[in-house]
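Asks: Residues per chain are reported as follows:
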Amino acid sequence: MIVIQNYLIISALLFSIGLAIAVTKRNAILILMGIELMLNAVNLNLVSFSQYDPNRLQGQMFVLFIMVVAAAEITVALAIILKLYEYFKNLDLDEINSLKK
Amino acid sequence: MFDELLKNFDYTLIKQIAFAAFAVITVGGALYLLFTKNVLYAAFSLLLTLLGIAGLFVFAGADFLAVSQIMIYVGGILILLIFGIMLTNNKNFQRTNLQPNKIEVKHHNRFWAVLVATLLFLGFLKIIFEANFHIIGKPIHNSSSIQQIGINLMTDYIFAFEVIGIFLLAALIGAVYIAKKEKA
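Protein chains in written order, with this note's numbering: chain F, 1 to 101; chain S, 1 to 184.
Source of the hints: derived by calculation from the structure; they are not laboratory data.
Straight-line alpha carbon distances no greater than 20 Å define the calculated EDC-like cross-link-like pairs of lysine to aspartate or glutamate that follow:
hint, chain 1, residue 1, chain 2, residue 2
1, S, 37, F, 95
2, F, 83, S, 182
3, S, 106, F, 95
4, S, 15, S, 63
5, F, 83, F, 95
6, S, 180, F, 73
7, F, 83, F, 73
8, S, 37, F, 92
9, S, 37, F, 94
10, F, 89, S, 104
11, S, 106, F, 94
12, S, 106, F, 92
13, F, 83, F, 94
14, S, 181, F, 86
15, S, 138, F, 53
16, S, 183, F, 86
17, F, 89, S, 182
18, S, 37, S, 104
19, S, 180, F, 86
Here chain F is said to cover these stretches of chain S; the calculated rule only asks that three of the stretch's residues, wherever they fall, bring their Cβ under 8 Å from a Cβ of chain F:
hint, stretch
20, 38 to 48
21, 56 to 67
With the Cβ distance kept under 10 Å, some of the chain F side facing chain S (calculated, not the full set):
hint, residue
22, 24
23, 28
24, 44
25, 61
26, 74
For every residue, glycine included, the Cβ atom is placed at its ideal position computed from N, Cα and C.
Extracted from the complex, chain F is given alone in its bound form:
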């Protein structure tokens, strides 16, 4: 049996790494990857607590809905990124700095 702290530590690590990725990377797609990583860390946390609640499984239901929201978020974000690339020919977020020319 695996104690719950292991899950929590892994999830804390994933969240911190995801935050570092979202802050350091300059490519918009990699920032999305960092956000996905943070969402996954939260999912892991919820699932690990949900195993103490086998009759209602509220944590696992929550994770299911988070997954759907993450999928919706990534599709819309990628559509916006494609449009950005069409306009700026670049995805470097330091150079995308004008709303309208």
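Once you've looked at the hints, dock chain S against the given chain F.
Replies: Quick look at chain S alone, frame taken from chain F:
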């Protein structure tokens, strides 16, 4: 003799070794994603991380969620991300044609970000070790959760289920509308 060996074997040890392996895969993929410069390698290390998380879900007794993690994240989101990388590939970043998959990303203020992330992690560690969870001693029933999830989706969470279906449809249609080429 072999049966005896199997009978005396410590299965919890195997379980812990497998758990540690999945944890190392997950965290290693994430760390590689943080420090690599190549965008495609970053996508593949994200694949490793997502698969590792699916394995950890199995250890936490969430078999249905592990399968849906693989199907949604690896089969859907990661493929979408790789499509995005391919479609937005700026040829100016490639030095030679010999390395067509070398799409590089630059970093900025890496030192401060890593410092803040480390401090955040230490804060989380402090919270985790100081928290006094009442549930820790309780037994865990790791049976299959599929039936309970189905019952939940059709009773307690039926409204959220319907709403999230409409939400997903709206998001997909909106994404197609945003991404379509405008007529000049």
